[in-house]
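*Asks:* Okay, here's what each chain looks like letter by letter:
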Amino acid sequence: MITAKSVSENLQKLRDQAPLVHNITNYVVMNNTANALLSIGASPVMAHAPEEMEAMAGIASALVINIGTLSKEWIEGMLIAGKTAQKRGIPVILDPVGAGATDFRTQTCHKIIAECRPTIIRGNASEIMALISSDVKTKGVDSTESSEKAVELAKTLAKESGAVVSISGPTDFITDGAKVLSIKNDIPLMPKVTGMGCTATTLTGAVAAVCPTSLEAAATAMAIMAVAGEMTLPLAKGPGTFQSHFLDSLYSMNENDIVKHLKL
Amino acid sequence: MITAKSVSENLQKLRDQAPLVHNITNYVVMNNTANALLSIGASPVMAHAPEEMEAMAGIASALVINIGTLSKEWIEGMLIAGKTAQKRGIPVILDPVGAGATDFRTQTCHKIIAECRPTIIRGNASEIMALISSDVKTKGVDSTESSEKAVELAKTLAKESGAVVSISGPTDFITDGAKVLSIKNDIPLMPKVTGMGCTATTLTGAVAAVCPTSLEAAATAMAIMAVAGEMTLPLAKGPGTFQSHFLDSLYSMNENDIVKHLKL
Amino acid sequence: MITAKSVSENLQKLRDQAPLVHNITNYVVMNNTANALLSIGASPVMAHAPEEMEAMAGIASALVINIGTLSKEWIEGMLIAGKTAQKRGIPVILDPVGAGATDFRTQTCHKIIAECRPTIIRGNASEIMALISSDVKTKGVDSTESSEKAVELAKTLAKESGAVVSISGPTDFITDGAKVLSIKNDIPLMPKVTGMGCTATTLTGAVAAVCPTSLEAAATAMAIMAVAGEMTLPLAKGPGTFQSHFLDSLYSMNENDIVKHLKL
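Residue numbers (the working numbering), protein chains in the order written: chain C, 1 to 264; chain L, 1 to 264; chain E, 1 to 264.
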């Protein structure tokens with residue numbers, strides 16, 4: 001269960017603790033996700049070299065692995081950081097960007113899941129489905145399936161992997177394999193801005209760093225995205241101004257905004 | 001020939017089909033070009049690993065190769081994707097960023113042209129000239145020549161390479177070696193925003209995915225850039241706000257905007 | 001010594017000469033720093049491949065090395081470019097991003113300092129301190145120390161390395177080991193926007209390209225950052241809109257703005 005009150009309390013905890021979130025992420029969104037972490041009150045670091053993965057994951061409070069612009073050279077760093085994080089007991093979040101578009105991506109996700117045991121997997125509907133069913137194909141990085149349709153496979157993935165699974169879409173669904181939480185704010189401009197999914201993933205890492213329950217952490221992050229989206233919509237005239245104002249919304253969000261906008 | 005009407009019809013086709021555009025592009029502009037594709041109505045994917053180039057170029061409707069932050073490791077992926085795209089008959093667009101600044105860039109472009117046979121080459125005046133004449137030097141990634149001066153060499157490049165050549169500048173010129181089309185909107189702030197040329201290239205890929213004639217596709221993309229620039233100018237107070245509003249303009253552009261602003 | 005008048009004169013020189021600034025920098029900020037250079041009137045190029053480092057550093061007027069997303073593969077390029085720049089006598093600026101967070105970063109900085117002899121080192125307080133004292137730890141890329149506390153170690157670093165050392169913080173301090181200059185504008189939103197430090201570093205390169213005294217160049221760049229920050233604050237509603245308006249401020253900045261806002 002999450003409520004406007006619990007979201008607000010976790011957000012306050014995040015701002016008080018300003019956790020260091022270590023990101024191994026894609027080139028397209030690094031700037032957006034670093035800014036989203038700073039705006040919400042966390043401290044971002046982007047680092048991927050195998051030589052420093054033990055050290056960096058060793059001082060972080062959460063690790064985010066995002067395969068958006070995957071290459072062989074980066075997988076080694078992801079695995080070292082993931083194992084270090086797992087050993088230290090800090091949350092590991094996986095964003096399987098483009099799983100289902102190429103075997104290279106799908107198989108790399110399976111390897112990360114097997115070796116690093118992520119605590120939360122967050123993706124769009126067809127990425128999540130592709131991790132369970134080889135019939136599902138992703139259109140590059142855009143979903144070809146509805147989040148509603150993905151819920152059952154997400155439960156299976158959660159049970160098999162031991163991770164909470166978080167599916168973004170017009171309605172977001174978050175499941176630990178048994179319970180399913182949903183966030184019902186539908187922000188039409190969001191899929192028109194690159195990196196909104198990746199931003200959701202990195203905020204999931206930030207919340208998980210301060211909130212011990214993965215299901216609650218994952219749902220809280222999606223709630224923060226949704227509230228920021230609602231705050232931003234009346235200010236944006238299109239995807240470009242949406243992007244700027246969205247960061248401002250993360251920065252200024254308070255309990256009133258959450259109570260006013262969150263649709264559970 | 002292009003007209004406001006033909007530009008508008010191709011834009012509508014693009015929005016209806018939402019083609020997947022596979023980009024192998026530079027670190028500086030990935031976010032901008034992904035957002036430009038989303039804003040205009042296409043679906044972007046950024047991917048470069050040799051391991052997934054056949055698969056990714058195999059599901060795309062156009063391939064964009066941009067050498068802006070070139071390294072040896074990326075050339076292999078560019079060549080595999082380029083050959084896959086050529087075999088499938090989808091458009092291949094080359095942006096020779098910084099050709100003429102270093103031999104490494106100029107020679108890599110020659111290799112890509114020879115092995116992947118791009119359907120359209122889009123660059124600034126000195127980049128285009130440097131692909132034909134070794135006397136021309138580019139100042140990093142900024143042109144040292146006028147687009148007017150580049151037209152004759154662009155015709156030669158078009159004839160030798162078999163590609164349509166698109167030169168951006170205060171006036172844009174697009175040629176297939178015989179005909180020359182021009183777009184005469186001159187947007188002074190555009191060269192002050194990084195990645196505007198790269199954005200023109202990726203939109204060229206998006207239009208080419210839905211418009212079978214390379215000359216028309218290349219000119220249509222420059223027309224869309226020009227109209228978006230004109231729409232944005234009164235809203236921007238400098239290069240920073242120009243960047244945000246430009247995406248909004250791509251998103252909201254309709255036939256009236258094209259009729260009102262396009263200068264052929 | 002710097003004054004509003006000297007800052008204004010150096011800015012005018014920069015705009016007149018439009019120096020080419022070669023950046024080997026991190027993935028997170030490439031877009032921001034390229035845009036900052038364009039907005040202030042310089043010409044940016046981002047390039048890192050060992051194959052073209054002699055050529056690119058060979059036509060540039062300044063070289064900026066920033067280790068923000070360091071990997072082994074990039075160090076070779078940094079060293080070739082740094083030695084080429086040193087041989088040509090153009091300014092070399094080092095940004096030791098995350099020094100003190102991992103040994104890999106700290107040791108790479110020591111290697112660059114030893115082999116390329118940077119003319120200016122610009123970082124936050126704990127990064128600068130970590131280059132002299134192994135007791136200091138950086139929280140990822142965020143400082144854990146005050147700039148006031150870093151001044152004495154910065155003097156030592158300046159004397160040992162032969163570089164001017166520039167520390168950013170609520171008050172910026174710039175020292176050649178003997179003299180200490182300071183900029184006292186304190187812009188609270190700046191640490192909430194990623195890449196503001198990296199932007200300061202690249203502008204330091206642009207100013208150093210036209211201003212022969214490293215101490216004056218480094219302080220002038222921090223003054224330009226401070227004035228742009230003051231101009232931007234009343235326009236920004238948070239970190240997102242700050243980022244856009246900051247570029248506009250760099251673009252429009254004139255002598256009056258400098259006189260009005262600069263706090264020395």
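Take the hints with a grain of salt, since some may be wrong.
Note: identical chains are not told apart, hence a pair may lie in one copy or across any two.
Claimed, not checked - List of simulated lysine to any residue pairs, SDA-like, C-alpha gap at most 20 Å:
id: 1; residue 1: 111; residue 2: 134
id: 2; residue 1: 192; residue 2: 12
id: 3; residue 1: 13; residue 2: 178
id: 4; residue 1: 149; residue 2: 255
id: 5; residue 1: 139; residue 2: 55
id: 6; residue 1: 72; residue 2: 51
id: 7; residue 1: 83; residue 2: 160
id: 8; residue 1: 111; residue 2: 80
id: 9; residue 1: 149; residue 2: 86
Hints are computed from structural coordinates only; laboratory data are not their basis.
*Asks:* None of the hints should be skipped; say for each whether it holds.
*Replies:* Taking the hints in turn, this is what the structure says about them:
{"no.": "1", "hint": "111 - 134", "in the structure": "within (16 Å within a copy, 37 Å between copies)"}
{"no.": "2", "hint": "192 - 12", "in the structure": "between (29 Å within a copy, 17 Å between copies)"}
{"no.": "3", "hint": "13 - 178", "in the structure": "neither (27 Å within a copy, 44 Å between copies)"}
{"no.": "4", "hint": "149 - 255", "in the structure": "neither (32 Å within a copy, 37 Å between copies)"}
{"no.": "5", "hint": "139 - 55", "in the structure": "between (36 Å within a copy, 11 Å between copies)"}
{"no.": "6", "hint": "72 - 51", "in the structure": "both (15 Å within a copy, 8 Å between copies)"}
{"no.": "7", "hint": "83 - 160", "in the structure": "within (19 Å within a copy, 39 Å between copies)"}
{"no.": "8", "hint": "111 - 80", "in the structure": "within (12 Å within a copy, 25 Å between copies)"}
{"no.": "9", "hint": "149 - 86", "in the structure": "neither (31 Å within a copy, 36 Å between copies)"}
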